[in-house]
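Peer 1: Sequence:
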Amino acid sequence: MLKIGLLAPFEGVYRQEGYNALAAMRAAIDEQKGAGSAVLPLALDTSRDAARATQKMLADPSVAALIGPYWAAEGGALAQSVDDSRWLHPYAPSGKANWAVEAVDAALAFAAQEGRTLRLAGVPSGWPQMGVESVAGADDAQAGQALLWLGDAAAGADFAQAVWQRLPDTPFGLYGAGAETFRLRVGEEMTGVVFLVGWIDDEYPAWAKTHTPNTPAAYTVYRQTADTLKRLAGKETTTLWQPAIFIVRPDGTLLLSSGR
1 MLKIGLLAPF
11 EGVYRQEGYN
21 ALAAMRAAID
31 EQKGAGSAVL
41 PLALDTSRDA
51 ARATQKMLAD
61 PSVAALIGPY
71 WAAEGGALAQ
81 SVDDSRWLHP
91 YAPSGKANWA
101 VEAVDAALAF
111 AAQEGRTLRL
121 AGVPSGWPQM
131 GVESVAGADD
141 AQAGQALLWL
151 GDAAAGADFA
161 QAVWQRLPDT
171 PFGLYGAGAE
181 TFRLRVGEEM
191 TGVVFLVGWI
201 DDEYPAWAKT
211 HTPNTPAAYT
221 VYRQTADTLK
231 RLAGKETTTL
241 WQPAIFIVRP
251 DGTLLLSSGR
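Just so we're aligned: the sequence shown equals residues 1 to 260 in our numbering.
It should be emphasised that the hints constitute simulated quantities derived from the structure, not laboratory data.
Straight-line C-alpha distance at most 30 Å; calculated DSS-like pairs for lysine-lysine:
id, residue 1, residue 2
1, LYS209, LYS96
2, LYS96, LYS56
3, LYS3, LYS209
4, LYS230, LYS209
5, LYS3, LYS56
6, LYS235, LYS3
7, LYS3, LYS230
8, LYS96, LYS235
9, LYS209, LYS235
10, LYS3, LYS96
11, LYS56, LYS230
12, LYS56, LYS235
13, LYS230, LYS96
Distance windows between CB atoms, simulated:
id, residue 1, residue 2, range
14, ALA206, ASP140, 33 to 43 Å
15, SER47, MET1, 22 to 32 Å
16, LEU232, ASP140, 42 to 52 Å
17, LEU255, ALA59, 34 to 44 Å
18, SER47, GLY95, 24 to 34 Å
Yeah, the Cβ is synthetic: ideal placement off N, Cα and C, and Gly gets one too.
Working from the sequences, and respecting the hints, build out all of it.
Peer 2: Printed below as a string of structure tokens:
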């Protein structure tokens, strides 16, 4: 039996993110007629050792595709030592070399709409160089800026709270997964606009109406799983990934920005 691997956190603060991803993978398998009985989802926890989980999964010849890890900081470090065509990155689903530039460009456009200058924060090792300045600490943030956090969501929540103590209206952005973890950690201290840069395609709005969870991170796993099943069946896939901006509301719901 063929397997589709999922590398996600199933313990610790991000465990719900992992279970959301697994639910999305199972939904994609169930909805592909004739494929659900032949393909098994295989999930491994990355909360302790993402590198070991990745290597273990890729060593299994029955794994037709591997989706994960969730965050660029984990995947980027592993990509330097692991090269396998079965490996799909949910933080960079387009597969383009300039995926990071496209994601940051989407945040730049949103910041401009807000009348702000974008700065990056929590930049992981190996992140591509680009013409956007970064801030090293919360005290380095200035009025008139919007921040895009590229690290994990829990650390981002601590960073955002420190920024909002001085500059309560600063827009704060997240990349990829973790919006709910972030929201729960900041609670009522979420004083600035919180936005999320996620990857979707034109089918996302209709999909989001009929699936739960319906975050862009869950959609990425869903679509990568569905596309894998199509390829295994000898069908072509034409998912046109594009970065989109979501507004994170205080109640946890996500609003797709009209100017995505």
